[in-house]
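I would like the entire structure built from these sequences, with the hints used as guidance.
Number of protein chains: 4
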Amino acid sequence: MNRPWWNRMIHSVADKGRDLLNINGSAPSSKELRQLCEELLTGAGEARGTALAREVVRVLESMHGNAWPGFLEMLHEHMGPNPKRVMEAVEAYRKEPGPETLIQLTRSVESPRQELFRRINLSPNGTLQLVRLREHLLRTLKDRPHLKSVDADLQHLFRAWFNRGFLELKHIDWSSPALILEKLVNYESVHAIHGWRDLRRRLERDRRCYAFFHPALPDEPLIFVEVALMRGIPDNAGLLLNRKAEILDPEQADSAIFYSINNCQFGLRGISFGNFLIKQVTTDLKQELPGLKNFATFSPVPGFAETLRRTDDKAPFTPERLRALLADHEDTIREVSGKKDPAEGLRALLDKPEVVRTHLADVLETLALAYLTLVRRGKTVFDPVALFHLSNGAHLERINPLGDCSKERWDASFGVMVNYVYEVDNVERNHEKFVDSGKVNLSKQLQKKSKAIREVWKGG
Amino acid sequence: MNRPWWNRMIHSVADKGRDLLNINGSAPSSKELRQLCEELLTGAGEARGTALAREVVRVLESMHGNAWPGFLEMLHEHMGPNPKRVMEAVEAYRKEPGPETLIQLTRSVESPRQELFRRINLSPNGTLQLVRLREHLLRTLKDRPHLKSVDADLQHLFRAWFNRGFLELKHIDWSSPALILEKLVNYESVHAIHGWRDLRRRLERDRRCYAFFHPALPDEPLIFVEVALMRGIPDNAGLLLNRKAEILDPEQADSAIFYSINNCQFGLRGISFGNFLIKQVTTDLKQELPGLKNFATFSPVPGFAETLRRTDDKAPFTPERLRALLADHEDTIREVSGKKDPAEGLRALLDKPEVVRTHLADVLETLALAYLTLVRRGKTVFDPVALFHLSNGAHLERINPLGDCSKERWDASFGVMVNYVYEVDNVERNHEKFVDSGKVNLSKQLQKKSKAIREVWKGG
Amino acid sequence: MNRPWWNRMIHSVADKGRDLLNINGSAPSSKELRQLCEELLTGAGEARGTALAREVVRVLESMHGNAWPGFLEMLHEHMGPNPKRVMEAVEAYRKEPGPETLIQLTRSVESPRQELFRRINLSPNGTLQLVRLREHLLRTLKDRPHLKSVDADLQHLFRAWFNRGFLELKHIDWSSPALILEKLVNYESVHAIHGWRDLRRRLERDRRCYAFFHPALPDEPLIFVEVALMRGIPDNAGLLLNRKAEILDPEQADSAIFYSINNCQFGLRGISFGNFLIKQVTTDLKQELPGLKNFATFSPVPGFAETLRRTDDKAPFTPERLRALLADHEDTIREVSGKKDPAEGLRALLDKPEVVRTHLADVLETLALAYLTLVRRGKTVFDPVALFHLSNGAHLERINPLGDCSKERWDASFGVMVNYVYEVDNVERNHEKFVDSGKVNLSKQLQKKSKAIREVWKGG
Amino acid sequence: MNRPWWNRMIHSVADKGRDLLNINGSAPSSKELRQLCEELLTGAGEARGTALAREVVRVLESMHGNAWPGFLEMLHEHMGPNPKRVMEAVEAYRKEPGPETLIQLTRSVESPRQELFRRINLSPNGTLQLVRLREHLLRTLKDRPHLKSVDADLQHLFRAWFNRGFLELKHIDWSSPALILEKLVNYESVHAIHGWRDLRRRLERDRRCYAFFHPALPDEPLIFVEVALMRGIPDNAGLLLNRKAEILDPEQADSAIFYSINNCQFGLRGISFGNFLIKQVTTDLKQELPGLKNFATFSPVPGFAETLRRTDDKAPFTPERLRALLADHEDTIREVSGKKDPAEGLRALLDKPEVVRTHLADVLETLALAYLTLVRRGKTVFDPVALFHLSNGAHLERINPLGDCSKERWDASFGVMVNYVYEVDNVERNHEKFVDSGKVNLSKQLQKKSKAIREVWKGG
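Protein chains in written order, with my numbering: chain Y, 56 to 515; chain R, 56 to 515; chain Z, 56 to 515; chain A, 56 to 515.
Hints listed in this document are in silico derivations from the structure and should not be mistaken for laboratory results. Each hint should be verified, as a subset may be incorrect.
Given that identical chains are not distinguished, each listed pair holds provided it fits within a single copy or across any two copies.
[What the hints assert, rightly or not] Mimicking SDA-like on lysine to any residue, the simulated pairs with C-alpha atoms at most 25 angstroms apart in a straight line are:
hint: 1; residue 1: K407; residue 2: A379
hint: 2; residue 1: K488; residue 2: L171
hint: 3; residue 1: K139; residue 2: T156
hint: 4; residue 1: K395; residue 2: T366
hint: 5; residue 1: K434; residue 2: R162
hint: 6; residue 1: K504; residue 2: E463
hint: 7; residue 1: K341; residue 2: R113
hint: 8; residue 1: K238; residue 2: R256
hint: 9; residue 1: K86; residue 2: M129
hint: 10; residue 1: K238; residue 2: G329
hint: 11; residue 1: K513; residue 2: F437
hint: 12; residue 1: K506; residue 2: D339
hint: 13; residue 1: K225; residue 2: R187
hint: 14; residue 1: K238; residue 2: I248
hint: 15; residue 1: K488; residue 2: P167
hint: 16; residue 1: K488; residue 2: N330
hint: 17; residue 1: K225; residue 2: P179
Since this is a predicted model, take the numbers as computed values, not measurements.
Following this line, the structure appears as structure tokens:
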């Protein structure tokens, strides 16, 4: 296809440094890019429709890694609100606070960046490029924290654009485009997909996969969840991931297990979809298969191992607490570890999966329960997966000390996996209780045990 | 279909006044609606996924006209930024202007309304309801100008949401859903569509219709343009609208005439799409039919008649100016009007279309040219259609004094219609010249005449 | 779009009279068309892929009415089985009947026409042209009965091609393309559609329209049925066709009324779809709306008026029979007609709708029942609509003497309309009883009356 | 989904042996199946719409391999034309040959089987089951040649149903459903696809894959072709199949290479699509990429090795011919084989790929040319791939003695691959010359060599 004339037109006006767009030659300098962006922001940008936006996107697409910091700094320095204008609006508001001065103030603090981003989005592929731009930004942020001003603007826009009301829920199965399936394989990070045969099993009738898509990114899942339709809530990964498992008639299933939830776009970090995805899928499955009684997860406990191994001053598992928690199992630990002090013995065993699994499954369960309910980050729980599901209104149903025997999972949580359960009628109450009190909602079977542990912990 | 359980759930918690949602009964009071909106803004809103948003949308859908002002005032009063927080942020910024205080300031001025609107959008049909909400707001604004604070927030959101990058250009033809075609008939306001047969003629091979759609409003065109593929640029409406005109082979056409552009959503006023639509359609047609040489409009001159009839103190057409402009036609006017003073004579003739058309076509052309180029609103032209096309980079090509003989058009512009022409290579230059100087870009044939008129006008 | 080279190629070989394809010039002679068809049948046709078929279709599309008979005769004369080959095969079979000679015999009787038709179908639009071809043929058949040989071949092919397994059932509603809706308006012949507003009412939630489509004719419905979802089975057209009737919530309906079934393609006469359409729609509606209890029609009685008016020797309603049937109403008839003989009196009244409706509704019911059950064509019922539904397994439920007061319906059946009912559990039994015995299955309420009439009729 | 009532209905009539349909129990006996088929053929079949057809399809789907022969024999014995009726029609035609008796004769020879197949097709999935039925039939045919009567009927139907006019050409790429892509992997038999990565490379921008689909079999490609867009016509497989080859900009390509054509449905053997597929794809590519000059194949020579190895009495390569053909290479062959007689020497070398490739590439080319042009099957060429392309109007362009070094290809053709070229302007002439004379059309470069070989061969 030929380039449209609106596009070619750009090269017809020579006196504006547009030769920088000759991408085949050397990359544009920071200064040139800034010039291009400024032009896009002026009326000239309007006159040319989407042509200039296309050029900016083309430059961004071909920009090398080392050119990004310069570009991001330019956005920070030259595309922020005008300090003079802000100060004037501030003074005016101070003098006479009211609707008029407030509107002026609001306008004065809006960055030209926001308009720049909106205009970049005029181009085909613009949305994707802006998501990629934020990826670069997020990676740079640690070293250049002042760039969070740029990030604030991107986040503001993305929160508007990626509103759940604009997202489309799609059921992904073996009739889906290979292009999309390939991305599931790439993005799956909870239970890695081992080749197309594994993938195919995960898309059979008794497995489901749902993803949110945005209309402007038709080939890019934003988040997806894998669901297993089963009888009962599984306590180990083998039941879920066995490629050769017989296929269950979905009408026979009583449980829908959310066994993997993956955010796909790093550039959309902080724009949350997971809550909506779980609830929508639950609603839809409930309608399709009225036989489903349980909506549960099979979730990792990502911070458990690291936390338990900590020995620094602020380590939550102090020797005292450990000793108290292990009181019932002292003998066993001494025996299998050969150490006198159970706390020390335990630590010595943490690299011996077989021993722990065989003799100390109960101990793992106790420690994981303590970790999930008592180790805190600020006013809430420390574990990010727990935080996600508990905030959404689920409760902690069960701890499975032998949940997943893979190497990766041992390193992360000594193989412990847990089930959170979403009970339709309690979701809202759970959510409010959790948000108000910070306390973890527990199943009946865990409540008593938890109470005992809590006392020991305080004492420890 | 049954209501999903997330939805039904809402009715299970009795202690929060949610019985107001029993729409079949009496409508909710303002206070109750406020309560519902506040709830949607809290964490409870999050816990329930989209359920609460659906309820708000349901209430809005069924709300009677007289309930709207109360609701809009509530948005103004109770959902704006917190004045105390704003003032604190203002003071903080004043003391120490910098990135940190700026971010705080920016956050402090963002209304909770914006988040409310974003959450309403979680619901199916939410986007449409928000567009309808703004319709109510715009209609109320004249009487309640303070509500422009609410409008500012809606506009801010809509500018993000209805970004051209998210719009889809669709070619509408006789294979399009009747649902959509019916809306064209309803929204067409330039050249009314008289029944389905008329519509069908406008969708034949030598006529085209293109519209922008937003993915969240699949059944609602946002704006559409009707195009006629012709030989030459037409100087009267009959050539365009004759239902029985023979169908031209599009390959034979040399001109694409944009003869009707209609914004369909009153609630999106001020969010502009027209510029992009014309340019995109031009690009696409150019590719499809390389034989097209002219891209022109056949446009109304909406403010002409009213302006010419004005006799108040600030009327642009003063008796002196009129006399000067009519100098060449004095005799004719005297003769057909029977009045001595040509200015007076002209006014006397303005209700006699046949006389004017037969004897004074040249006079109409002169007066229309004066109106379009010399009557101003602030620094730019007064006529809104002229403003639109000239800002987009078109030039004024020709004035057709006998352009449209319908009653409506006589009342609006004494039947005068004009052609604006989009020349690919000049669009940007024209735009810049027009924006910088405020001067109307004219075709060669009009330039000389215009110069003469300008001098007369200044003198007058 | 340019013509593809395979197409252009055809003009590159000059020595085969292909210049006849220059359609812009004079039409090809019969001889030339025959040559073209023969060429399509040879290996050359194969070599050129679909090019030659396209040319034949192009010629057929542009062929004038008066050229058709010659073309059809050519198909009859020159494209039939080779008589010599047939006779040889006949002799061979006679001598030694067996699988081998049977296969030879079968091959010998297959016309080259069939292969010609199959090859014409290679072209885009070929299927449509063949349907149109059969239209011409059917119209010609009365005058040229020997052409039924050609028709036999077309029917054989169409029975294979338009097998129900290849048809797609589509729900047509207000979101359907105007292109399709326009065709409904054109093809509706039972209850004419009066403009788009009428059409729109027929596509609301409590009205349904379903059609069969063939993949090769995506813009051409083959047959469609209009269904009204109602409470109760209607006894007059007003209930069905009132454009301003309130819309019923489909969930509230207990009856699905098939009030109009239309075959759209004259060229497919004799290839039946109606049976499948009714049964499929019944199945689908039953699933969607379990509240539906009655599946009934509201049907015309097309042959009733003509039959009743007959006075020839073979007229089924003899004066004797009429007198006997009218015995209970003698006085009324005499009174309103002023004639002594009730048979004569009745005939005198047949042009006075108002009188008949006011005084003789019962008489109409009696006569219509006699007509439907006792007037025969061969071994089965005479009325074609009755034949259709009774063969499909419906029974005659009710006769509505005031069913439709329009002029057309008076002329056809004195306004009488009837309901046939499809009862799921009896469809098969009804079908078999009707096919075996030729007797009309009746509702309980009609059985007694029918018995009385039958005796009177035999006596008369 | 629940079974529709039309379906359930079947079980409500107990007296017809329909309990045989209880598939969960024992399979139906041949006799029962025959009963079911006969019922489908009667009016009862009509009454029940598609219900009975569904049952037959359900039985066929679940039928075990050993039940098939009985079923096929039943079709042969009980579903053929009625011999008595045929003989009557034969006699009638003999007495008075004419249109009437011919139509009777034609009807008498049509098997009830054909109607049975058409009715089976009423069921969803019916078409697929009939294709599978023919698979079973074709596999049985060798042992039961009398079943060709059944096959004749299926072929007749399939020729009507799978007419190219009903097929849809689809471009298959990485956005196609995994379901379809998986089938390409399974059906590819020319150049096996090694995993998804290999497949993906074959679907990049400079590779294309096109397939024909039938609307009733949306998930089943009928035939597909793989095309490589390249610079020049390749002489070895590495150029085509290298997974790591750089991707060429399609606009830069001058040659489209059809390197693999695969029929996917064994049950459609004899219903040919390949010719149409190649020509359609050529037309489409030509339009999309005007830079393409060569349309060529890279084809196997499947019968070469087997023919050359033959030593039986009728072996085409007699020792005399071999010696004559090898005359120019005697010394080399003697040297590398150590045998005195070059014919014997050659045979000894046929299991030493490396030696042959290094020293005897020219010899292979000579022998392959002799094989392709001089070894005959009846009046035409022996090699099936040659027959296919030459009949379609291609010519033999080049012989590539080192075309494909894989083990499979050595076994089939000593690694020789050839290019056939489709020249738009010569396709028809080539086709006719080949069909008329049986002579292979050759490129200029091969003509001279071929002439020499021909003389040697005749002498030999």
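Which of the stated hints cannot be reconciled with the structure, identified by number in ascending sequence? 6, 12
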